[in-house]
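J.: Read off the chains here:
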Amino acid sequence: MLATRIIPCLDCDLGVPGGRVVKGIEFKQIRYAGIPWELAEKYYHDGADEIVFLDITASHERRETMVEVIKKTSESVFVPLAVGGGIKNVEEARAAFNAGADKVAVNTAALQRPELISEIAERYGSQACVVAIDAKRRFGDGAGKELVITPEGQCWFECSFYGGRKFTGLDAIAWARKAEQLGAGEILLTSMDRDGTYDGFDIPLTGAVAGMLRIPVIASGGCASPDHMREVFHKTKAAAALAASIFHFDEWTVEEIKRYLKQNGINVRI
Amino acid sequence: MIAIVDYGMGNLFSIYNATMHVGGSPQVIQEPAALREADGIIVPGVGAFGKCMEHLARFREGLFQALEQGTPLLGICIGLQVLFEESEESPGASGLGWIKGRVVRLPEGVMIPQMGWNGLFIRRQVDILDGIELGDMFYFVHSYHCVPEDESLVAATTEHGADVTAVVARDNLCATQFHPEKSGEKGLRILENFVRSTRC
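Protein chains in written order, with my numbering: chain A, 1 to 270; chain B, 1 to 200.
Same shape as in the complex, but just chain B (with noise of 0.2 Å):
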């Protein structure tokens, strides 16, 4: 079972559809308890980072035991900035801080927010990225981007106005600034990876 994390903050039709669509057993959750049968757990996310954390916050300890025993872990947009100790969308708020580094907002002269599909530049291979070429397009919804203090955490990067962390990947803790779920075959190439690697 694919735990889908449900803390409130919008719509998780795509992502559940994209999931079941690539084969996986996707489970929309709303209890931290439901995290211990997971296989293999998706953080997706929409909305401001100091929002986001307010209501991810019952989950923290069991996503952190769950990431600690291996569990496959996918964040998806919001889903990936949490993993860092802080944003400038949200000053005084804290990330889960699973990765070292910042959320800054998008360099000014680019359309803010990056909305819209964009290529990757793939900067190490990793699994999650299995039959994802450079110049691969994905979908983009987002105003700020992580910069990890750790750079060889960086799986792939776009660009818009500098390199923007498109992709970390760390042990069995993965995460995409864009939206797989809405980013066409190729999207559903990376979901379809991650479902893969929960059955390992």
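Looking at chain A on its own, in the form it has when it is part of the complex (with noise of 0.2 Å):
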């Protein structure tokens, strides 16, 4: 039986020389937190099953010290490696997997521009492509979406992009069941109302969409503990948890975090 999968989350800003890692809360406010390659290493050895990078800056520079960070990596992290942010088509996504990368995931220009979701899939395989999406719980007026019903009341999700800085309008469970049929090999579910809260994952949101689709969703937004991940994975189909601060602030290892849900009676690799 697979394992569920706990995946560090490492957010990059990638306009100093060799990157860093930075965290947002409510994805605004950035805090300090290592370097990339270091980081991606303590986890590796840590029990990760698996490093995703997202650069979360907007320089032309960036594609550079992005296939840098990922080439260091490589030499020492022998988990898959995911790169995300700013992913804009099949060059710049072919640029992540020469350097080392195993999938890219994309957000932004999948929106605006869907087929990019099957050009990476039939050019690298459905495993190797990753869409991101950012959900954000709307209430009131909720005409054509997909409802669903959270402890708050019932409200629709709307799908943001630019990393949150600007929202399309859009329903992010519809979108969610058309980048599967696009071509998408897995779902990164991140909750914007609960990303850097503290508060735990957004169940509601991520029960939903897991539980429609066939591929793999990995939730994200809110995990400060790993009561939030037994959570997630005994009340939601979700493949796989990712984290940020929670790791990086040393609050909690991976390895801690593997074995209390072990105990749990959650299939996880110790």
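No lab work stands behind these hints: they were computed from the structure. Be aware that a few hints might be false.
[To be verified] Which stretches of chain A does chain B cover? Using the computed rule of at least three CB atoms under 8 Å from a CB of chain B, they are:
(1) 1 to 8
(2) 74 to 87
(3) 97 to 105
(4) 121 to 133
[To be verified] Calculated lysine-lysine pairs in the BS3-like style (CA-CA distance at most 25 Å, straight line):
(5) A:Lys72 x A:Lys88
(6) A:Lys178 x A:Lys42
(7) B:Lys100 x A:Lys72
(8) A:Lys72 x A:Lys42
(9) A:Lys71 x B:Lys186
(10) A:Lys262 x A:Lys145
(11) A:Lys262 x B:Lys186
(12) A:Lys166 x A:Lys262
(13) A:Lys145 x A:Lys235
(14) B:Lys51 x B:Lys100
(15) A:Lys235 x A:Lys262
(16) B:Lys186 x A:Lys42
Since the model is a prediction, treat every value here as computed from it, not as a measurement. Using N, Cα and C, we set each Cβ at its ideal position, and we do this for glycine too.
Mind docking these for me? Both chains are given alone in their own frames, and the hints should help you get the complex.
T.: Rendered as structure tokens:
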């Protein structure tokens, strides 16, 4: 039986030489956390099942820096590496794969041109194409949208792009379904309401998307404790859980989290 | 020197780095002639069976000769599947056929592709599995799996809707369905075992 995966995410500011890992709170305030490949190597040795790098900068030099980060990381990290943030086309995806990435995550560019998902999947295989979705709860008028019941009331989820700075009006749940049809191998589903809040994963959102798709869903946003991970695996069909701050600031190690999950009957790789 | 066969199907960075990491001397080779100097050969694999065979065709004879001479050969993922005669993925395409049997689609009702970490059931203790125990997890990414006619060639399986061939071994030929270069320390152990076998 496949194990559930624990994935540390490194949000990278590539505007400085070599890049640095940062963490935002609700997509805004930024804290500095470390050097990308050093953190990746630490997480690898702690038992991370996969590492995700997200480029949160928007400078021109960043491509080369990201390639350097991946190359350097793949010298000493022997689990799958995924890279996302600002990947616009197959050429940019290719640069990431050639540097040693196993998967790319696309977001804004796929919303603007959904065929990009098929193009990457056809060239590199579905398993190499992750579609990242940033979703925000919208209460009130949800005519024509897929509605989800939450403890705070019924809502729909709006898809955001440009790193949470703009909204599309698009239904995130409908978009996830379409991404799967276009050939996405995985959905990285981030709750914008929970990201950086330490309130735990958005269970209704994750449950709705993971319950509907055949491809794996990675839950993201809000994780602050091993119990948040346990909750998302017990209450939804999420295949993996992604977190950032909880690992960066030495609150918990990957190993401690996995041991806790195992004690609670969740199949993890130890 | 351990030859990593580059037949143009994708990045060999990870397998190169991992082989280096466990003390091997990898060299990515584009020409079949280079196989003659190899102490060991790795056939990595990405992409579809048919495409893979198309690109691998020019290495076929060189690989066969090396195998006959006793050079250790390790196939990975599609590099395992192409050892078989044919695959449901690419009807009409012939595999290398060095192992009798077929490659069939994973059963309906499970996640396809199987993507992620799964545990091994060890059927037979072979050198490549030295230090590997029941339940150790490895990273799999595949939609098809190998069914050899001679089941005794299977050294380990994993469970994904069916017993799935994870490792085959016969004399100097071995191959894994999972990616040892992406399977953490246990995966490195397998590569280390392979590197060691090239020095005998």
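J.: Evaluate each hint against the coordinates.
T.: Against the structure, the hints come out as follows:
1. 1 to 8: holds (count 4)
2. 74 to 87: holds (count 6)
3. 97 to 105: holds (count 5)
4. 121 to 133: holds (count 4)
5. A:Lys72 x A:Lys88: Holds: lysine 72 of chain A and lysine 88 of chain A sit about 23 Å apart, inside 25 Å.
6. A:Lys178 x A:Lys42: violated, 36 Å
7. B:Lys100 x A:Lys72: Violated. Lysine 100 of chain B to lysine 72 of chain A sits at ~41 Å, over the 25 Å cutoff.
8. A:Lys72 x A:Lys42: Holds. Lysine 72 of chain A to lysine 42 of chain A sits at ~14 Å (cutoff 25 Å).
9. A:Lys71 x B:Lys186: Between lysine 71 of chain A and lysine 186 of chain B the Cα gap is close to 22 Å, so the pair holds against 25 Å.
10. A:Lys262 x A:Lys145: The given pair, whose Cα atoms are some 38 Å apart, is violated under the 25 Å limit.
11. A:Lys262 x B:Lys186: Since the Cα atoms of lysine 262 of chain A and lysine 186 of chain B sit roughly 19 Å apart, the hinted pair holds (cutoff 25 Å).
12. A:Lys166 x A:Lys262: Violated, at about 39 Å.
13. A:Lys145 x A:Lys235: Distance ~23 Å between lysine 145 of chain A and lysine 235 of chain A Cα, so the pair holds.
14. B:Lys51 x B:Lys100: OK: lysine 51 of chain B and lysine 100 of chain B at ~20 Å, within 25 Å.
15. A:Lys235 x A:Lys262: holds, 16 Å
16. B:Lys186 x A:Lys42: OK: lysine 186 of chain B and lysine 42 of chain A at ~17 Å, within 25 Å.
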